[in-house]
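The sequence shown begins at 1 in the UniProt record's numbering and counts up by one.
In case anyone wonders, no lab produced these hints; they're calculated from the structure.
Where is the CB? At the ideal position from N, CA and C, for every residue including glycine.
Be aware that a few hints might be false.
[To be verified] DEER-style ranges, computed between Cβ atoms: (1) Pro-93 <-> His-16: 41 to 49 angstroms; (2) Pro-93 <-> Thr-14: 44 to 52 angstroms; (3) Ile-33 <-> Glu-134: 37 to 45 angstroms; (4) Glu-10 <-> Arg-41: 44 to 52 angstroms; (5) Leu-19 <-> Ala-65: 17 to 25 angstroms; (6) Leu-123 <-> Ala-51: 20 to 28 angstroms.
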Amino acid sequence: MSEEKCQRAEDSRTIHKDLTLAMIRNAKAEVIIQLEHAYQRPNEDPREFDAYLHTLEQQLAALRALSELFSKGGESACREEERALVFFANLLPELRLRIQELFIELPDTRDRMVTVATRCHSLLRMRESRLKREEARRSREGKHSKPKGRRRNADSDTKNRRNRKRNRNCTVKHGHPLKCYSCGSEEHLADRCI
Numbered sequence: 001m002s003e004e005k006c007q008r009a010e011d012s013r014t015i016h017k018d019l020t021l022a023m024i025r026n027a028k029a030e031v032i033i034q035l036e037h038a039y040q041r042p043n044e045d046p047r048e049f050d051a052y053l054h055t056l057e058q059q060l061a062a063l064r065a066l067s068e069l070f071s072k073g074g075e076s077a078c079r080e081e082e083r084a085l086v087f088f089a090n091l092l093p094e095l096r097l098r099i100q101e102l103f104i105e106l107p108d109t110r111d112r113m114v115t116v117a118t119r120c121h122s123l124l125r126m127r128e129s130r131l132k133r134e135e136a137r138r139s140r141e142g143k144h145s146k147p148k149g150r151r152r153n154a155d156s157d158t159k160n161r162r163n164r165k166r167n168r169n170c171t172v173k174h175g176h177p178l179k180c181y182s183c184g185s186e187e188h189l190a191d192r193c194i
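Starting from the given sequences, assemble the full structure and let the hints guide the process.
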């Protein structure tokens with residue numbers, strides 16, 4: 001091969017390498033933007049959201065590997081704790097708040113964070129459905145006509161209400177106050193716990 005052909009081949013390799021690196025950088029930028037704007041949707045299960053984030057992170061890792069292959073410069077891979085925190089930061093605000101309330105120290109791995117988020121998400125959904133059922137029951141009760149005339153025990157409802165309020169703070173036979181068996185709080189019972 002002549003020297004001129006060798007020079008052209010070297011130039012075309014350099015151009016190809018530069019173009020490939022530019023394409024990789026652009027693709028990485030798009031994936032990073034998608035990661036920054038990735039938030040859990042209101043009715044999305046945390047496991048589905050984790051799968052979406054995992055896909056984006058795999059794309060980013062593949063692009064980093066390609067970039068290292070072409071540029072011979074290394075970028076550090078995403079650590080597991082960072083992955084867990086990225087997942088946590090992009091969850092729904094009420095889910096993040098609930099996790100922070102329940103855990104003094106956040107889970108340090110992505111799998112544990114997904115497990116915790118899934119558990120809290122299901123608890124929040126159960127609470128929402130219970131509140132909707134209670135609201136529907138109350139609205140149905142309000143639509144029915146009340147019996148006409150004098151009720152037999154007109155003040156029994158107020159007595160029952162007073163007794164229920166009084167019993168909330170009373171102690172059981174063994175002398176200890178009633179507590180929620182889910183979280184241990186004395187302010188409410190398990191039927192009111194989230």
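Status of each hint after checking the structure:
no.: 1; hint: Pro-93 <-> His-16: 41 to 49 angstroms; in the structure: holds, 47 angstroms
no.: 2; hint: Pro-93 <-> Thr-14: 44 to 52 angstroms; in the structure: holds, 49 angstroms
no.: 3; hint: Ile-33 <-> Glu-134: 37 to 45 angstroms; in the structure: holds, 43 angstroms
no.: 4; hint: Glu-10 <-> Arg-41: 44 to 52 angstroms; in the structure: holds, 51 angstroms
no.: 5; hint: Leu-19 <-> Ala-65: 17 to 25 angstroms; in the structure: holds, 18 angstroms
no.: 6; hint: Leu-123 <-> Ala-51: 20 to 28 angstroms; in the structure: holds, 21 angstroms
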